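Protein chains in written order, with this note's numbering: chain C, 299 to 436; chain B, 299 to 436; chain G, 299 to 436; chain D, 299 to 436.
These are computed hints drawn from the structure, not numbers from a lab. Here the structure is a predicted model, which is why all the values come from computation and not from measurement. Heads up, some of the hints might be wrong.
Unchecked claim - Computed list of lysine to aspartate or glutamate pairs in EDC-like fashion (alpha-carbon distance at most 20 Å, straight line):
(1) C:315 <-> G:370
(2) D:315 <-> G:347
(3) G:344 <-> B:370
(4) B:364 <-> C:369
(5) D:364 <-> D:398
(6) B:375 <-> C:369
(7) C:326 <-> B:357
(8) D:315 <-> B:370
(9) D:305 <-> C:357
(10) C:361 <-> B:387
(11) D:338 <-> C:387
(12) C:315 <-> G:347
(13) C:305 <-> D:398
(14) B:344 <-> G:369
(15) G:305 <-> B:347
(16) G:344 <-> B:357
(17) G:315 <-> B:387
Unchecked claim - Here are the in silico distance ranges between beta carbons for each label pair:
(18) B:303 <-> D:411: 23 to 31 Å
(19) B:337 <-> G:430: 36 to 44 Å
(20) B:307 <-> D:422: 42 to 50 Å
(21) B:337 <-> D:406: 30 to 38 Å
(22) C:397 <-> D:429: 35 to 43 Å
(23) B:380 <-> G:395: 30 to 38 Å
(24) G:370 <-> D:411: 17 to 25 Å
We put the beta carbon where it would ideally sit given N, CA and C, even for glycine.
There are 4 protein chains.
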Amino acid sequence: MITSENKIRVRYDEVDKMGYVYHGNYAKYYHISRTELLRKVRISDKELENYNIILPVIEMTIKYLKPVFYDDVITIKTTIKELPTSRMEFFHKVFNQNHEIINVASSTLIFVNSNTRKPMRVPEIILNKLKSYIKTLN
Amino acid sequence: MITSENKIRVRYDEVDKMGYVYHGNYAKYYHISRTELLRKVRISDKELENYNIILPVIEMTIKYLKPVFYDDVITIKTTIKELPTSRMEFFHKVFNQNHEIINVASSTLIFVNSNTRKPMRVPEIILNKLKSYIKTLN
Amino acid sequence: MITSENKIRVRYDEVDKMGYVYHGNYAKYYHISRTELLRKVRISDKELENYNIILPVIEMTIKYLKPVFYDDVITIKTTIKELPTSRMEFFHKVFNQNHEIINVASSTLIFVNSNTRKPMRVPEIILNKLKSYIKTLN
Amino acid sequence: MITSENKIRVRYDEVDKMGYVYHGNYAKYYHISRTELLRKVRISDKELENYNIILPVIEMTIKYLKPVFYDDVITIKTTIKELPTSRMEFFHKVFNQNHEIINVASSTLIFVNSNTRKPMRVPEIILNKLKSYIKTLN
Numbered sequence: 299m300i301t302s303e304n305k306i307r308v309r310y311d312e313v314d315k316m317g318y319v320y321h322g323n324y325a326k327y328y329h330i331s332r333t334e335l336l337r338k339v340r341i342s343d344k345e346l347e348n349y350n351i352i353l354p355v356i357e358m359t360i361k362y363l364k365p366v367f368y369d370d371v372i373t374i375k376t377t378i379k380e381l382p383t384s385r386m387e388f389f390h391k392v393f394n395q396n397h398e399i400i401n402v403a404s405s406t407l408i409f410v411n412s413n414t415r416k417p418m419r420v421p422e423i424i425l426n427k428l429k430s431y432i433k434t435l436n
Numbered sequence: 299m300i301t302s303e304n305k306i307r308v309r310y311d312e313v314d315k316m317g318y319v320y321h322g323n324y325a326k327y328y329h330i331s332r333t334e335l336l337r338k339v340r341i342s343d344k345e346l347e348n349y350n351i352i353l354p355v356i357e358m359t360i361k362y363l364k365p366v367f368y369d370d371v372i373t374i375k376t377t378i379k380e381l382p383t384s385r386m387e388f389f390h391k392v393f394n395q396n397h398e399i400i401n402v403a404s405s406t407l408i409f410v411n412s413n414t415r416k417p418m419r420v421p422e423i424i425l426n427k428l429k430s431y432i433k434t435l436n
Numbered sequence: 299m300i301t302s303e304n305k306i307r308v309r310y311d312e313v314d315k316m317g318y319v320y321h322g323n324y325a326k327y328y329h330i331s332r333t334e335l336l337r338k339v340r341i342s343d344k345e346l347e348n349y350n351i352i353l354p355v356i357e358m359t360i361k362y363l364k365p366v367f368y369d370d371v372i373t374i375k376t377t378i379k380e381l382p383t384s385r386m387e388f389f390h391k392v393f394n395q396n397h398e399i400i401n402v403a404s405s406t407l408i409f410v411n412s413n414t415r416k417p418m419r420v421p422e423i424i425l426n427k428l429k430s431y432i433k434t435l436n
Numbered sequence: 299m300i301t302s303e304n305k306i307r308v309r310y311d312e313v314d315k316m317g318y319v320y321h322g323n324y325a326k327y328y329h330i331s332r333t334e335l336l337r338k339v340r341i342s343d344k345e346l347e348n349y350n351i352i353l354p355v356i357e358m359t360i361k362y363l364k365p366v367f368y369d370d371v372i373t374i375k376t377t378i379k380e381l382p383t384s385r386m387e388f389f390h391k392v393f394n395q396n397h398e399i400i401n402v403a404s405s406t407l408i409f410v411n412s413n414t415r416k417p418m419r420v421p422e423i424i425l426n427k428l429k430s431y432i433k434t435l436n
């Protein structure tokens, strides 16, 4: 439905003794990719903050298929398949420079009021921006 | 079957703008807890290295239930339910100081020869240590 | 004048491709050690927060003398030599398990009001706790 | 003498509770900037590896002047002022989007044979590439 793609060069501090990107670091890459997808849809983190909306992650699944190495440039493809209601689900695929798939993951976020720290349904501002963006695709 | 429990104090650099432990940091906590479980069973990382065995993570699932805050001391309970064959699966539960459950996760590792970088079945040395440990429990 | 000592076991994610603790990670170790020194003196981060005091680092120098390896237990010795005025300076020495010195560092913090984000002189509450602690030493 | 400039967008996981880039994270930014300077001079990490040369950091000094915030794009300007002999010294200046200076730092690296783990004088291959690059500047 909505897809975003971005590239990241693997940093030295992200690679472990085995010479692989440390498995825990992919969560950061997915996060960057979610942020870029939302930026594309014109939902900026700073704006969310002004509306007192925070988006904590409540679920994540990762399947690691191949390792990635220092200084490699990976491509992260992130997709939202459905409009969110009380949750927003993102699907991630990471590719290496040879277009091989590295890992597949999903991450689920909820909408929380930053003052009350209580979950809420998807804020209108987010829903409208997603819908507006989808219209531009047709 | 085999359970290990360890405590970690949340570090300042592990907490994000929301004041919560950054969701990507739990992978490190699970890793520490796996290492401590293996240490208890007398499988040391350094020994594995001498046998040219590395244990990359190939799958991880996490459900985040509650946030944890800076300087909190969390308890991580890690369990192996079955003897490994070509994979070793760990189950993790994290608790805060009030004994509330914070998140539940699983992580699956495979056995790889560090020279060939090829997967292998569970090495005898690992299997024997797990079995020996289980015997001491009865 | 005031000295604190604490131990940290090196985590897997903190070690780089060379097999050494990544040089950027020592800042986190010094931070933990400063927190433990302040805890000993009964200055808790959470209390500082209630007083709207934050302590950003404004200067850091590090000399790396020897590498440290995965799973090593290091000892960090942190010292305050003088009572703070507008700055608080900490001196750090890190040792490995063989009591060899690994690196020496200093870190300088200032006192900032978390609401105004303006620097201030050392808050009385901090100064008094430092003085009280010093008295107990004599 | 040789200067390189690169931009980095601050990631969510790099920001602390105060809303500032965690002070320990700048070491990673300097590292990226050194790598980009060396890449410009056609010294690649991967090539160094083939020559069994590693470049550990042995000294770092940082003065933090202003905070940087989440999602800001910073510019890191890194300079080598002198050809290396047994050490290579880099000077770093970080600027925010308003061209204000954020921090100034220096980092010193040595040349180590990755097999023997012994320090060496600057390898010819590095020195020649630096000299060739400087020629192109005139």
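Evaluated hints:
1. For the proposed pair residue 315 of chain C and residue 370 of chain G, the alpha carbon gap of about 14 Å is at most 20 Å, so the pair holds.
2. Distance check on the hinted pair: residue 315 of chain D and residue 347 of chain G sit about 11 Å apart at the alpha-carbon level, within 20 Å; holds.
3. A hinted pair counts as satisfied when its Cα atoms are at most 20 Å apart, and residue 344 of chain G with residue 370 of chain B qualifies at roughly 11 Å.
4. For the suggested pair residue 364 of chain B and residue 369 of chain C, the alpha carbons sit about 35 Å apart, so the restraint of at most 20 Å is broken.
5. Distance check on the hinted pair: residue 364 of chain D and residue 398 of chain D sit about 8 Å apart at the alpha-carbon level, within 20 Å; holds.
6. A distance of roughly 35 Å separates the Cα atoms of residue 375 of chain B and residue 369 of chain C; the hinted pair therefore is violated under the 20 Å criterion.
7. Distance restraint check for residue 326 of chain C and residue 357 of chain B: the Cα-Cα separation of roughly 16 Å lies within the 20 Å cut-off, and the hinted pair is therefore satisfied.
8. Among the hinted pairs, residue 315 of chain D with residue 370 of chain B is consistent with the structure: their alpha-carbon atoms are about 14 Å apart, no more than 20 Å.
9. Note on residue 305 of chain D and residue 357 of chain C: the hinted pairing is violated, with a Cα-Cα distance of about 32 Å set against a maximum of 20 Å.
10. Restraint check for residue 361 of chain C and residue 387 of chain B: satisfied, since their Cα atoms lie roughly 13 Å apart, inside the 20 Å limit.
11. A distance of roughly 40 Å separates the Cα atoms of residue 338 of chain D and residue 387 of chain C; the hinted pair therefore is violated under the 20 Å criterion.
12. With a C-alpha separation of about 38 Å, the suggested pair residue 315 of chain C and residue 347 of chain G falls outside the 20 Å cut-off, and the hint is violated.
13. For a cut-off of 20 Å, the pair hint linking residue 305 of chain C to residue 398 of chain D is broken: about 28 Å separates their Cα positions.
14. For the hint linking residue 344 of chain B to residue 369 of chain G, the alpha-carbon distance of about 9 Å falls within 20 Å, and the restraint holds.
15. Taken as a hint, the residue 305 of chain G and residue 347 of chain B pair is broken in the structure, with Cα atoms around 24 Å apart against an allowance of 20 Å.
16. Of the supplied pair hints, the one linking residue 344 of chain G and residue 357 of chain B is violated, its CA atoms being roughly 36 Å apart against a limit of 20 Å.
17. Only pairs whose Cα atoms come within 20 Å are accepted, and residue 315 of chain G paired with residue 387 of chain B is rejected, the gap being roughly 26 Å.
18. The given range of 23 to 31 Å is broken by residue 303 of chain B and residue 411 of chain D, whose C-beta atoms sit roughly 43 Å from each other.
19. Against the hinted window of 36 to 44 Å, the Cβ-Cβ separation of residue 337 of chain B and residue 430 of chain G comes to about 40 Å, which satisfies the hint.
20. Under the hint 42 to 50 Å, the C-beta atoms of residue 307 of chain B and residue 422 of chain D, about 49 Å apart, fit the expected range.
21. Taking 30 to 38 Å as the suggested C-beta distance range, the pair residue 337 of chain B and residue 406 of chain D conforms, at roughly 37 Å.
22. Hint check: residue 397 of chain C to residue 429 of chain D, Cβ distance near 38 Å, so the stated range 35 to 43 Å holds.
23. Checked against the hint of 30 to 38 Å, the pair residue 380 of chain B and residue 395 of chain G passes, with Cβ atoms roughly 35 Å apart.
24. The supplied range of 17 to 25 Å is met by residue 370 of chain G and residue 411 of chain D, whose beta-carbon atoms lie about 22 Å from each other.
Of the numbered hints stated above, those contradicted by the structure are hints 4, 6, 9, 11, 12, 13, 15, 16, 17, 18, listed in ascending order.
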